[in-house]
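Asks: Sequence:
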Amino acid sequence: MGFFGKLPGAGDFVQRRLPPRFVEAWDRGFELAVEGSRGALGGDWQDAYRASPAWRFLLGPGVCGESAWAGAMGPAADRVGRCFPMVLAAALAGPGDAAWMLRERGGWFDAVERTLAEALADPSIGADSFDARVMALPGPLGHGVAEDADPLRGVDWSAASHWRLPLPTPGAVAAQLAALWETLAATPGAWCLWWTRGGGRVPPCALATRGLPQPAAYAGFLDAARANGPWRSLGVFAPAQAARQADAPRPAADAARAMPPRRPVEAPPPADLSGRFAGPPLPLDPDDVTTPAVRRPSPAGGAPAGAALRRSDGALALVAADDGMPDPRRRAAAAARAVAADLAAGDFADGLRTLRSRLLALHPPLHQAGEDLIDPVMEDGAVAAARVAGRRIEALRIGAAAAWHWRQGQLRALFDAAAPAPAGAGFDDLLFDRAASSGAGLGTGPAPQCDEAACMAEAGDRLLLLATRRLLALPPDVFARALASPSCDEAAARIAAAAQLGPDAAQWPLAIIEIRP
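Going by the numbering used here, the sequence shown opens with residue 1, and the numbers climb by one from there.
Rather than coming from a laboratory, the hints here were simulated on the basis of the structure. Keep in mind that a hint or two might mislead.
What the hints assert, rightly or not - Taking CB as the label site, the calculated pair distances span:
id : residue 1 : residue 2 : range
1  : G502      : Q15       : 42 to 50 Å
2  : D375      : P476      : 34 to 42 Å
3  : S312      : S485      : 24 to 32 Å
4  : S487      : L343      : 22 to 30 Å
5  : P19       : P517      : 55 to 63 Å
6  : S487      : D375      : 39 to 47 Å
7  : M325      : E35       : 26 to 34 Å
8  : D110      : P486      : 34 to 42 Å
9  : A349      : S485      : 49 to 57 Å
10 : A132      : G81       : 19 to 27 Å
11 : A132      : S158      : 41 to 49 Å
Remember, predicted model here, so these are calculated numbers, not experimental data. Quick reminder that beta carbons are idealized off the backbone N, C-alpha and C, glycines included.
Start from the sequences and build out the full structure, keeping to the hints where you can.
Replies: Next comes the structure, spelled out in structure tokens:
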């Protein structure tokens with residue numbers, strides 16, 4: 001299962017696990033289709049496109065490569081408003097799979113369309129998050145015996161390359177679509193089948209096209225009244241207005257209407273989540289921290305700065321990384337490290353409040369760089385920071401970052417969604433401020449996700465700070481085994497090896513702090 005197209009949470013085309021032949025054919029076909037529909041609809045195109053529904057489809061062998069394909073597509077736009085449909089597709093192995101799916105796996109198409117709709121409606125869902133949701137979808141394939149039913153027997157399908165049919169009543173959709181597909185599969189040519197519950201200006205209907213839609217035909221996907229030119233219709237269609245009022249779920253249409261504006265309004269930073277703790281910082285031995293000494297961001301053209309920073313006054317440890325695809329122009333991580341290094345000792349009098357405020361102040365200009373229509377710089381800065389004060393640890397994260405507290409073989413996530421542990425002695429006495437899972441980083445979306453947490457510390461405890469989705473994807477038992485290593489350096493090396501981070505320890509976006517008596 002893969003995808004290709006635009007997402008409101010990404011700056012340009014995103015693609016995962018679809019072969020080049022599929023992507024090349026789809027991109028070429030729908031680039032022409034989108035331009036053709038713009039010419040047909042003129043100034044009305046934007047409204048029609050945004051209101052158009054999701055289309056489920058079957059593509060015969062030879063349309064987008066040698067395989068047959070099943071999936072869904074919907075109207076999408078990237079972060080700066082450039083439009084191109086998003087497609088989710090899975091290859092089918094055998095000729096009997098398509099008809100069997102239509103009869104038996106309607107729930108699979110429901111799940112695919114729902115995943116598509118959620119991503120098109122939520123700009124905070126970036127490419128990696130969307131990819132994780134797509135990977136979690138079940139496979140489409142199965143085996144079964146097709147029934148011999150053809151409600152459209154006698155139609156000369158070779159008479160046209162584009163056909164429109166009303167969608168059958170809910171109880172008959174699966175069987176009639178399966179029969180239609182078997183008929184098309186037996187008709188000369190590489191046929192595609194598309195169907196929708198309806199939405200916007202399109203009633204519930206099924207479309208059959210020989211190959212991908214012609215440029216002059218795509219307007220019919222957006223507005224049924226424009227289904228002329230190559231289109232030939234069979235049957236009687238419900239009015240598009242009735243499709244809007246149907247009680248069947250229409251998540252993709254809702255997603256299209258919820259498509260973000262070209263310039264999202266900046267949201268205020270979220271409120272602080274943790275209390276402030278008084279007391280002098282607990283001194284940390286430099287040998288107990290795997291991070292290098294404080295480093296300022298390198299000037300342009302210089303050697304890259306280390307991913308982790310530890311202040312020489314022991315007030316703070318921080319890791320920062322630019323998550324996602326490498327781009328030497330990105331500066332979120334370097335800016336975050338510079339903010340931490342430039343804080344005065346007095347700035348920690350109120351805990352991490354000042355650090356949080358100054359990090360979030362970086363977001364608007366970083367986000368603005370991604371809005372550039374000519375040369376966007378797509379930022380996604382991930383930050384994890386911790387301060388030890390007395391016997392308490394305060395932690396902060398932005399974006400794809402995490403903090404883990406290890407004590408005598410037991411591992412706990414500081415940013416855990418579970419309920420707080422009851423009061424009492426021992427390790428279960430941790431006082432966590434709970435927070436949700438990692439999300440948008442610095443420079444991504446209207447506002448980055450920023451969480452804080454706190455826990456009690458004892459001598460011998462270890463605190464692990466992580467940034468980037470690559471590290472967050474590791475299972476917790478990898479961290480638990482590594483943190484049991486004799487030294488923090490060895491623990492960091494084991495985690496880096498598990499994530500395949502490479503040999504340069506200075507560039508590992510992780511830090512381990514050991515609390516000494």
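Asks: The structure should be examined with respect to each hint, and the outcome stated for every one.
Replies: Tested hints:
| no. | hint | in the structure |
| --- | --- | --- |
| 1 | G502 - Q15: 42 to 50 Å | violated, 25 Å |
| 2 | D375 - P476: 34 to 42 Å | holds, 40 Å |
| 3 | S312 - S485: 24 to 32 Å | holds, 25 Å |
| 4 | S487 - L343: 22 to 30 Å | holds, 29 Å |
| 5 | P19 - P517: 55 to 63 Å | holds, 58 Å |
| 6 | S487 - D375: 39 to 47 Å | holds, 45 Å |
| 7 | M325 - E35: 26 to 34 Å | holds, 28 Å |
| 8 | D110 - P486: 34 to 42 Å | violated, 52 Å |
| 9 | A349 - S485: 49 to 57 Å | violated, 35 Å |
| 10 | A132 - G81: 19 to 27 Å | holds, 25 Å |
| 11 | A132 - S158: 41 to 49 Å | holds, 44 Å |
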